[in-house]
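Visitor: Count the sequence shown with numbering that gives the first Met the number 0 and you get residues 0 to 457, in order.
Hints were generated in silico from the structure; no laboratory data involved.
Computed from a predicted structure; not experimentally measured.
Errors might be hidden in some of the hints.
[What the hints assert, rightly or not] Here are the simulated DSS-like pairs of lysine-lysine, each with C-alpha atoms no more than 30 Å apart in a straight line:
#1 K430 / K185
#2 K315 / K39
#3 K208 / K370
#4 K54 / K39
[What the hints assert, rightly or not] Have a look at the derived ranges for each label pair, beta carbon to beta carbon:
#5 D352 / R138: 36 to 46 Å
#6 K101 / D352: 47 to 57 Å
#7 H292 / V234: 27 to 37 Å
#8 N320 / A58: 33 to 43 Å
#9 V234 / S366: 17 to 27 Å
#10 Q57 / R293: 26 to 36 Å
#11 N276 / R138: 18 to 28 Å
#12 Q369 / D98: 46 to 56 Å
#13 S212 / Q57: 16 to 26 Å
Using N, Cα and C, we set each Cβ at its ideal position, and we do this for glycine too.
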Amino acid sequence: MAKITKRGRTVITCIVLLYVVLSFRLNSWKVHSGFYKGFKTLLPTTSDVKNVNFKQFQAENLREASVTSLRSQLALQFPYDTSEPIPKRVWQTWKYPLDSPKMKAEFRMLAGRWKDAVGEAPLYEYALISDDHMMPLLRNLYGAVPQVIQAFESLPLPILKADFFRYLILYARGGIYSDIDTYPLKPLDSWPSISSIGDSKIDSAIQYKGLRSVSESTVRELGFVAGIEADPDRVDWNEWYARRIQFCQWTIKSKPGHPLLRELIINITATTLASTNVKSSIEAPEFIIDEDHRSDYLINCRDKRRFDDDFPADQKKTSKNVDGTDTMNWTGPGIFSDAVFEYLNNLIQTNLDISIINNNMKASHESGTQKFYRKITEGLESSATFVKEFFTLIEEPVVVDDVMILPITSFSPGVNNMNAKSDDDEMAFVKHQFTGSWKGKEPKKKKPPVNKQPPVGK
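Can you build the whole structure from these sequences, using the hints too?
Guide: This is the structure:
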């Protein structure tokens, strides 16, 4: 056998790398090359989805349609493979790279703790994406879905872009995203799985309207993991939080292509393109909206403003007129929480074999979630709907199909509120420092007083 010289090995390595790059570009081009031949992109409404099964959605043939939906473009570019595990990657973002002299010492130290955790976990990778590298990366990943890039460029504030980017990178590549002001409390491989739940057998699955049967193959490995941020079991909750049950988005774990993230990206993209003066550095097809649901696309029609007839619904958003309410309901925990509930409800309203496991509803938890047992079961069995109480006061993970929701202690330990336990609790996995650095000069909202009001459930 002929001996390969050092130069020969170098040439072969270059050829392999070139092949990988060209393969990626070619795969993207297969979709991208047909984009500018006269068809339009439909930005779907997210309020009228009765006939859409998010989990089973199949993309239409883009080459044969004059109008293609953003949902199809995203599903085609990033197909969801349920058989693959969540990638072992950790993503963080910040204004500057780790080696920049402008990087705060505190953030460099916290990022170092994530890098240490990655180094101790087999096969994990770590990446911190600076602001300067976001757009080149997104152009590579989403070049075949140009409306997404248009939306990202059109977002008027850095905090909105920081929120949107975490969803985009997880949808494209998967793994764990965690804010720069967080650090891990336990080894990454010790986070809960379906098999780690005390009682996750098929016969423990909760009933819902339309359920026929849950097979062993239905209960799969996890595809998406989020935690409770706020569980204000009190009558004045809406004075302090965007949602009664609020899921945190400072730490998220997901497979690439997960349909929950796809629907969230659709919402943010459509809202942005309809609510701003669109900016674009790339060529893109014309987009259209469903005019029968126009208010669904406008950020000025979100939350309490939808009841204010004097508020200018069609006013375009700029860096000067975006406020905290916009942030919460545009890209932040408000719309993120809505997306989680909408996806979970869609699962059980359009599928007959979804496994639901919530051991918090058992009699041993009667001072917690179990006290809402009747309301929870009525919602599931009468209308296949998850009421907010399904996640109230949970102390163990909840699993719906391949989505896991962790208790407040998991990503918010030590907050001394809402039943969150200490940093050394067995369910505490990530510590959040709550520096709020992305918010710039936006005033911080005061924390609600502890136990000022009686619980909602009493």
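Visitor: Run every hint past the structure and note whether it holds.
Guide: Comparing the hints with the structure gives:
1. K430 / K185: holds, 10 Å
2. K315 / K39: Given pair K315, K39 holds - Cα atoms ~23 Å apart, limit 30 Å.
3. K208 / K370: holds, 21 Å
4. K54 / K39: holds, 25 Å
5. D352 / R138: 36 to 46 Å: holds, 39 Å
6. K101 / D352: 47 to 57 Å: holds, 52 Å
7. H292 / V234: 27 to 37 Å: holds, 32 Å
8. N320 / A58: 33 to 43 Å: Given a distance of about 36 Å, which is inside 33 to 43 Å, the answer is holds.
9. V234 / S366: 17 to 27 Å: Once the Cβ atoms are compared, 19 Å apart, the range 17 to 27 Å for S366 and V234 holds.
10. Q57 / R293: 26 to 36 Å: At roughly 27 Å between Cβ atoms, R293 and Q57 fall inside 26 to 36 Å, so the hint holds.
11. N276 / R138: 18 to 28 Å: holds, 21 Å
12. Q369 / D98: 46 to 56 Å: holds, 51 Å
13. S212 / Q57: 16 to 26 Å: holds, 23 Å
When held up to the earlier numbered hints, the structure conflicts with none and fits them all.
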